[in-house]
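What the sequence shown shows, in our numbering, is residues 1 to 449, in sequence order.
Because the hints were derived from the structure by calculation, they are not lab data. Just so you know, not all the hints are guaranteed correct.
Stated by the list, open to error - With a straight-line cut-off of 27 Å between C-alpha atoms, the simulated DSSO-like cross-links for lysine-lysine are:
(1) 396 x 426
(2) 221 x 152
(3) 379 x 441
(4) 152 x 126
(5) 160 x 146
(6) 225 x 180
(7) 328 x 409
(8) 379 x 295
(9) 221 x 254
(10) 295 x 441
Since this is a predicted model, take the numbers as computed values, not measurements.
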Amino acid sequence: SRSMAVEVLAMAAGLMAAFALSRKSQKTEQKRSARVIAIFGTATDVGKSVVATALCRILSNKGFSVAPFKAQNMSNNSFVTIRGREVSRAQAVQAEAARCEVTCEMNPILLKPSSDTGCQVVLSGKAVGNTEAREYFRAISSPNSKLRSTVKQCINNLRKANYDYVIMEGAGSCAELNLKNRDLVNFWAAEQADADVILVADIEKCGVFAQVIGTIDLLTKEERKRVKGIIINKFRGDPTLFDDGVRIIQKRTKIPVLGVVPYFRGIHIDSEDALPLHAKLDPELKENSSSSTIKIAVIYLPHCSNFTDFLPLAREANVDLEFLQHRKDKCLKSYDIVIIPGTKNVRFDLEWMRNTGWEQSVLEFYNLSLEQKKQKKNKRIVGVCGGMQILGTTIKDIHGHDGAAGEFKGMGLLDIQTEMLPPLQKTLRRVKGVSLLPETKGSIVQGFE
Numbered sequence: 001s002r003s004m005a006v007e008v009l010a011m012a013a014g015l016m017a018a019f020a021l022s023r024k025s026q027k028t029e030q031k032r033s034a035r036v037i038a039i040f041g042t043a044t045d046v047g048k049s050v051v052a053t054a055l056c057r058i059l060s061n062k063g064f065s066v067a068p069f070k071a072q073n074m075s076n077n078s079f080v081t082i083r084g085r086e087v088s089r090a091q092a093v094q095a096e097a098a099r100c101e102v103t104c105e106m107n108p109i110l111l112k113p114s115s116d117t118g119c120q121v122v123l124s125g126k127a128v129g130n131t132e133a134r135e136y137f138r139a140i141s142s143p144n145s146k147l148r149s150t151v152k153q154c155i156n157n158l159r160k161a162n163y164d165y166v167i168m169e170g171a172g173s174c175a176e177l178n179l180k181n182r183d184l185v186n187f188w189a190a191e192q193a194d195a196d197v198i199l200v201a202d203i204e205k206c207g208v209f210a211q212v213i214g215t216i217d218l219l220t221k222e223e224r225k226r227v228k229g230i231i232i233n234k235f236r237g238d239p240t241l242f243d244d245g246v247r248i249i250q251k252r253t254k255i256p257v258l259g260v261v262p263y264f265r266g267i268h269i270d271s272e273d274a275l276p277l278h279a280k281l282d283p284e285l286k287e288n289s290s291s292s293t294i295k296i297a298v299i300y301l302p303h304c305s306n307f308t309d310f311l312p313l314a315r316e317a318n319v320d321l322e323f324l325q326h327r328k329d330k331c332l333k334s335y336d337i338v339i340i341p342g343t344k345n346v347r348f349d350l351e352w353m354r355n356t357g358w359e360q361s362v363l364e365f366y367n368l369s370l371e372q373k374k375q376k377k378n379k380r381i382v383g384v385c386g387g388m389q390i391l392g393t394t395i396k397d398i399h400g401h402d403g404a405a406g407e408f409k410g411m412g413l414l415d416i417q418t419e420m421l422p423p424l425q426k427t428l429r430r431v432k433g434v435s436l437l438p439e440t441k442g443s444i445v446q447g448f449e
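Could you build all of it, start to finish, from the sequences and the hints given here?
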């Protein structure tokens, strides 16, 4: 099924490449610019990111120079460019698939949620402040806003750079009528880039005819003209059984179905903003497990950031990685390692741990680790970024980064004090180190701060 999926996507890429090349031949007198293929969806989680990533690699394999692009992304999973700018993890992965270096122009706006109604705005890779949703919507509704002009400039720069193709990813459904006046990432962006659109639908969700035909029907005449093909994603079983479905969709929409992509597992591509379906969240408690298995628990904080850092652990044969959100009595007893991850709102998530009993559970696990240390059994607590701050003694937030300005107590397991600086002083850089592990000693390890 994997080879079939690649074949379908390759066919789609070939069709779009041929179409784009024919358009280029009509404009030979104009200065060369990259063609843009936009991957839009009928809903969220239909597979836009995977399809966009696949097309980046397929076109790169065919010898084309490719760059990814998404005008606006909302996610706490981020990456740092070589020039010290912050972008969404999804575009970093797509750049890797395209075999190009990720830049902030590939994701000009990154929104990092810090509450149910607010987020930090990262513009051109740099944090410019925090905003509430209503305030942000008001800002992007203006046709002359700095946000829109930045998106336009970034897509123009990519098109004028040395790329043959730019693969643009949309967000959610591309036909949300109530969001049209503040659309930055779907058809407004496609219009700025003169993009050809592929519409992706998820047949696993059921109602694929309503998804596709309904979406096309809600588009304006000009928007419909941009849609050059449809991909039916996540089909289980024999795809020829959907041949009549393909004919129905093509007859009703007058748009070709480029392919039916079968459902397959084992795609290790970082998730954009939510735990992937294969991740273990709040599994049933197990008292006993194999002595050779390392059990790792990640406390899934409300504003957890960069949880993708931990997912490679799940691919280790002797590791059982689980994310825990709902606390149960003695729920950490059977684990070897407990990780408190990074968070976009340290104060809120620390209070959440206290109110839900997670702080008490972590302290009990710490005491258990001290007892078992005498028996040469090594249990560990790991704090990453905001998680490390939570494990400290105090956190000083004199600028009100996470709420009202002040100082508050941490869990006291690490003898450290944290002072939060204004967001604009955030450190963003790539780092390198040398592995000290016996199996990989001397190997260069790369990461980012």
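Hints, one by one, checked against the model:
1. 396 x 426: This hinted pair holds, its Cα atoms lying about 16 Å apart.
2. 221 x 152: Roughly 23 Å between the alpha carbons, so the hint for residue 221 and residue 152 holds.
3. 379 x 441: holds (24 Å)
4. 152 x 126: holds (17 Å)
5. 160 x 146: At roughly 21 Å apart (the allowed maximum being 27 Å), residue 146 and residue 160 satisfy the hint.
6. 225 x 180: holds (17 Å)
7. 328 x 409: holds (24 Å)
8. 379 x 295: Distance ~10 Å between residue 379 and residue 295 Cα, so the pair holds.
9. 221 x 254: Distance of about 13 Å is within 27 Å: holds.
10. 295 x 441: Measuring from Cα to Cα gives roughly 25 Å; hence the hint holds.
Of the numbered hints listed earlier, not one is contradicted by the structure.
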